[in-house]
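Peer 1: Line by line, the protein sequences give chains A and B.
The first sequence begins at 1 in this note's numbering and counts up by one.
The second sequence begins at 1 in this note's numbering and counts up by one.
Hints were generated in silico from the structure; no laboratory data involved.
Small disclaimer: the values here were computed from a predicted structure and weren't measured.
Please note that a few of the clues may not be correct.
What the hints assert, rightly or not - Using C-beta positions, here's what the derived DEER-type ranges look like: (1) Q247(A) to L312(B): 57 to 65 Å; (2) A299(B) to Q183(A): 45 to 53 Å; (3) R352(B) to S291(A): 39 to 47 Å.
Stated by the list, open to error - Each computed DSS-like pair below joins lysine-lysine, with the alpha-carbon atoms no more than 30 Å apart: (4) K290(B) to K277(B); (5) K14(A) to K277(B); (6) K69(B) to K224(B); (7) K69(B) to K277(B); (8) K155(A) to K224(B); (9) K257(A) to K164(B); (10) K195(B) to K164(B); (11) K195(B) to K277(B); (12) K14(B) to K290(B); (13) K155(A) to K277(B); (14) K224(B) to K232(A); (15) K188(A) to K69(B); (16) K195(B) to K163(A); (17) K232(A) to K14(B); (18) K317(A) to K14(B); (19) K91(B) to K277(B); (20) K91(B) to K232(A); (21) K188(A) to K232(A); (22) K232(A) to K280(A); (23) K257(A) to K232(A); (24) K280(A) to K277(B); (25) K14(A) to K317(A); (26) K257(A) to K224(B).
Cβ coordinates follow ideal geometry from the N, Cα and C atoms, glycine included.
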Amino acid sequence: MELRPILATLRRHKVILWLLMLEIALSCAIICNGVFLIVQRLQHMDMPSGIAERELVQIQQAPIEPPADRFARAQEDLATLRQIPGVQAVAMSNQVPFGGASSNGNVMLSPTQPHPTLNAAEYFGENLVQTMGLQLVAGRPLRPDEYVNADVVIKALADGNDKGFPMPMLVSQALATRLWPQQNPLGKLLWLAPTASFRVVGVVATLARANAYNIATAQYSMIIPVHMGADKDQSYLLRTRPADRQQVIAAAVAALKHADPTRVITHMRAYDEIRSDYFKDDRAMAGILVSVIVALLLVTGLGIVGLASFWVSQRRKQIGIRRALGATRTDILHYFQTENFLIVTLGIVIGMVLAYGLSLWLMLHYELPHLPGIYFPVGALALWAIGQLAVLGPALRAAAVPPVVATRSV
Amino acid sequence: MFGYYLNLALHSLKRTPILTGLMVLAIGLGIGASMTMLTVLHVMTDDPMPGRSAQLYTPHLDPLPLDHKRRGDSPDPTDDMTWPDAMALLKAHRAVRQAAMSGGSLLLRPARADLRPFYVAGRYATADFFALFGVPFERGSGWSAADDAASAHVVVLSEILARKLFGTGTAVGQTVHLGEHDFRVIGVTADWAPKPLFYADQTGTQYSDADLFFLPLSVAVDEKFQVNGNQSGWVKGDDNSLTSANMSWLQFWVQLDTPAQVAAYRQYLIDYSAQQKALGRFQRPPTNAKLYNLMGWLAHENLVPNDVDLQLWLALGFLFVCMVNIVALLLAKFLRRGGEISVRRALGARRRDIFVQLGIESALIGVAGGVLGVAIAQLGLWSIRQRPDDYAKLAQMDVSMLLGTLALAVLASVLAGLLPAWRACHVPPALQLKGG
Numbered sequence: 001m002e003l004r005p006i007l008a009t010l011r012r013h014k015v016i017l018w019l020l021m022l023e024i025a026l027s028c029a030i031i032c033n034g035v036f037l038i039v040q041r042l043q044h045m046d047m048p049s050g051i052a053e054r055e056l057v058q059i060q061q062a063p064i065e066p067p068a069d070r071f072a073r074a075q076e077d078l079a080t081l082r083q084i085p086g087v088q089a090v091a092m093s094n095q096v097p098f099g100g101a102s103s104n105g106n107v108m109l110s111p112t113q114p115h116p117t118l119n120a121a122e123y124f125g126e127n128l129v130q131t132m133g134l135q136l137v138a139g140r141p142l143r144p145d146e147y148v149n150a151d152v153v154i155k156a157l158a159d160g161n162d163k164g165f166p167m168p169m170l171v172s173q174a175l176a177t178r179l180w181p182q183q184n185p186l187g188k189l190l191w192l193a194p195t196a197s198f199r200v201v202g203v204v205a206t207l208a209r210a211n212a213y214n215i216a217t218a219q220y221s222m223i224i225p226v227h228m229g230a231d232k233d234q235s236y237l238l239r240t241r242p243a244d245r246q247q248v249i250a251a252a253v254a255a256l257k258h259a260d261p262t263r264v265i266t267h268m269r270a271y272d273e274i275r276s277d278y279f280k281d282d283r284a285m286a287g288i289l290v291s292v293i294v295a296l297l298l299v300t301g302l303g304i305v306g307l308a309s310f311w312v313s314q315r316r317k318q319i320g321i322r323r324a325l326g327a328t329r330t331d332i333l334h335y336f337q338t339e340n341f342l343i344v345t346l347g348i349v350i351g352m353v354l355a356y357g358l359s360l361w362l363m364l365h366y367e368l369p370h371l372p373g374i375y376f377p378v379g380a381l382a383l384w385a386i387g388q389l390a391v392l393g394p395a396l397r398a399a400a401v402p403p404v405v406a407t408r409s410v
Numbered sequence: 001m002f003g004y005y006l007n008l009a010l011h012s013l014k015r016t017p018i019l020t021g022l023m024v025l026a027i028g029l030g031i032g033a034s035m036t037m038l039t040v041l042h043v044m045t046d047d048p049m050p051g052r053s054a055q056l057y058t059p060h061l062d063p064l065p066l067d068h069k070r071r072g073d074s075p076d077p078t079d080d081m082t083w084p085d086a087m088a089l090l091k092a093h094r095a096v097r098q099a100a101m102s103g104g105s106l107l108l109r110p111a112r113a114d115l116r117p118f119y120v121a122g123r124y125a126t127a128d129f130f131a132l133f134g135v136p137f138e139r140g141s142g143w144s145a146a147d148d149a150a151s152a153h154v155v156v157l158s159e160i161l162a163r164k165l166f167g168t169g170t171a172v173g174q175t176v177h178l179g180e181h182d183f184r185v186i187g188v189t190a191d192w193a194p195k196p197l198f199y200a201d202q203t204g205t206q207y208s209d210a211d212l213f214f215l216p217l218s219v220a221v222d223e224k225f226q227v228n229g230n231q232s233g234w235v236k237g238d239d240n241s242l243t244s245a246n247m248s249w250l251q252f253w254v255q256l257d258t259p260a261q262v263a264a265y266r267q268y269l270i271d272y273s274a275q276q277k278a279l280g281r282f283q284r285p286p287t288n289a290k291l292y293n294l295m296g297w298l299a300h301e302n303l304v305p306n307d308v309d310l311q312l313w314l315a316l317g318f319l320f321v322c323m324v325n326i327v328a329l330l331l332a333k334f335l336r337r338g339g340e341i342s343v344r345r346a347l348g349a350r351r352r353d354i355f356v357q358l359g360i361e362s363a364l365i366g367v368a369g370g371v372l373g374v375a376i377a378q379l380g381l382w383s384i385r386q387r388p389d390d391y392a393k394l395a396q397m398d399v400s401m402l403l404g405t406l407a408l409a410v411l412a413s414v415l416a417g418l419l420p421a422w423r424a425c426h427v428p429p430a431l432q433l434k435g436g
């Protein structure tokens, strides 16, 4: 296809040409960054928790009368829950991955360190590995006889007494790699307070935090052998077959109520709900971005249809002359398709520069990573496709112009 | 003349229904999407206390030790106030009105046999709270400073809670068993919940909370009631009791009516901090003491989610693309009418007439686009209301936003039509007539 006549024609419509290119460039910039933002959100939503999500249910309760011995009460409740048919394992935990309400500790690699190395989630509760379905990749799980009641630990810490420390603990693989890169974490010591030392006895593959805002630190977790005792911030976790979850929830609530009719059940849900609740903002934002991009492509397409129609009707006579001079319908069709391709390509070139600038601005204001190069072709392909699609109708109408038009005066 | 131009415009639009439809659709989509986002932002940054917010201020002191380091993601302890500071500011009585407050959830055991015990969220406050914020009462009233001093077990219920507990009967004078203590109901507030709940601690959920009861702060401290929100202690080994001088947990608001009062109060905060520093309690410069007005506090607390902000930029970018699109389409449309314009010019129409004629045509497209835009925005807001976010329920378009949408559409299309109209009316008549 000869480009020169196309370029010559376009030079006669500079203003409209520039407007169209500007529109395509802006759409291109927004689409490149928009698709990137969507992918970011989707990645965030895909964050692994490390637990058997489909097999867990959570029940949270608040006692109206504080029990005389909250530790004994927790053990009684756990024993009750273990009897429920279909329950494979039970545990009490102070938090769950993506649960929102979190408990975290500042980790130090020496007791005299002035500033903590990092902040990590503290999971308290017996039998968590088995109940949550965590994967132990090194060392051993925590033994029941290693567990200590929370009041004992709190008193020891308040008195500055280091009796009972170092306590054994499990860490997540991500935390182990961050604290002791290229080393065997088993047997290593860390401190959560100057007198509170812990020895790593096992490593779990993955365990996400309850407040996993930042993807980089989302997997820094520790499991500490402390019994928290029954109170409103603890939850009972029950592992069961996916199909039995609702039944188990109903049976567990009934059993807990039977044991203490005055207590209030504040939460009862399958783990799926926790996850979908935690990532609802990401889902909503991804949805909004998708609709903006679709609308943008639609509007750009509409603009191209309108202008192409205008050009076709303006050039009916020339098209007729070309047809009369021997151009085939295909030639005319290709003419308009090539013209559109040329304009869109020019727009995309400007759009790439804009996209890059927009990405820099977003990085500055929204803590986003750099726009990877892979997203530039995405925007280009989308616009080429919408351009060709939009011009097809007007181009077909142009191709249908009969040669006889050339002989008419107006 | 206007009627004639309107006629011409309608005629011209009818002649090219596809192009006209495209333009209306382009404006409608752009305006609709942008207005959806703008409405969300508008309702979120709206004044929670219209007419009163200009007089409301919140003082903030800095009692932190010099070597205190704040972790990146933890709340700022100076956002809240310690008990001794709050009591000192209350006693000093330097503002027109002042109140200290904090939120809490308490177990409520209803007297009615058919209601199970439940947890209810409310506010512990000092006596001025009701007058300070202008809380409307349905019955009864708040408590007095004397009740504060005596830790009187009195409570004010919200209308919703009163109805739940006592049905249509009078609640005032009844007893409520709250947090394992008996309280005498002395007032029932009308439905009242500022949005956002600016006086609550920022770690609470700001957009869905409403206080269902109010009781004296002194009672909450005496009975060691549970407190919602952030409690930041900064001394290791401190007992972290509610009355500790080393733990902040209270919110404090004052009413200041004139700029002179504001300046005087600001000075008072600095003097107070200097005095505390002289006593050895504060370590940081007294000028760290701050006084925020209500809207300034909302901005300081970033009460607009980041996502909404990004959505606004998306909406504006989108609107801009649509504007460019409209300019291009109108330009194409008007330039094509070179022949018609030339005939009118040759017959004596002035440039101004052509300009007005084309302007009216653009405005007509704008009105149609605006109506479509309002419809699309209503659809968008409806879909946002389906979201589970706290702020989603507030996404309603008010009259000013509705008129704003229409005005924006007309303005956008008239502006977009200016360039094409200007170009079209500069076509030399003779040239076009010959060329045609």
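Peer 1: Next step is simple, just say for each hint if it's right about the structure.
Peer 2: Results of checking the hints against the structure:
no.: 1; hint: Q247(A) to L312(B): 57 to 65 Å; result: 47 Å, violated
no.: 2; hint: A299(B) to Q183(A): 45 to 53 Å; result: 47 Å, holds
no.: 3; hint: R352(B) to S291(A): 39 to 47 Å; result: 43 Å, holds
no.: 4; hint: K290(B) to K277(B); result: 16 Å, holds
no.: 5; hint: K14(A) to K277(B); result: 71 Å, violated
no.: 6; hint: K69(B) to K224(B); result: 29 Å, holds
no.: 7; hint: K69(B) to K277(B); result: 19 Å, holds
no.: 8; hint: K155(A) to K224(B); result: 21 Å, holds
no.: 9; hint: K257(A) to K164(B); result: 24 Å, holds
no.: 10; hint: K195(B) to K164(B); result: 23 Å, holds
no.: 11; hint: K195(B) to K277(B); result: 37 Å, violated
no.: 12; hint: K14(B) to K290(B); result: 63 Å, violated
no.: 13; hint: K155(A) to K277(B); result: 33 Å, violated
no.: 14; hint: K224(B) to K232(A); result: 17 Å, holds
no.: 15; hint: K188(A) to K69(B); result: 27 Å, holds
no.: 16; hint: K195(B) to K163(A); result: 51 Å, violated
no.: 17; hint: K232(A) to K14(B); result: 69 Å, violated
no.: 18; hint: K317(A) to K14(B); result: 24 Å, holds
no.: 19; hint: K91(B) to K277(B); result: 19 Å, holds
no.: 20; hint: K91(B) to K232(A); result: 37 Å, violated
no.: 21; hint: K188(A) to K232(A); result: 34 Å, violated
no.: 22; hint: K232(A) to K280(A); result: 25 Å, holds
no.: 23; hint: K257(A) to K232(A); result: 15 Å, holds
no.: 24; hint: K280(A) to K277(B); result: 47 Å, violated
no.: 25; hint: K14(A) to K317(A); result: 21 Å, holds
no.: 26; hint: K257(A) to K224(B); result: 28 Å, holds
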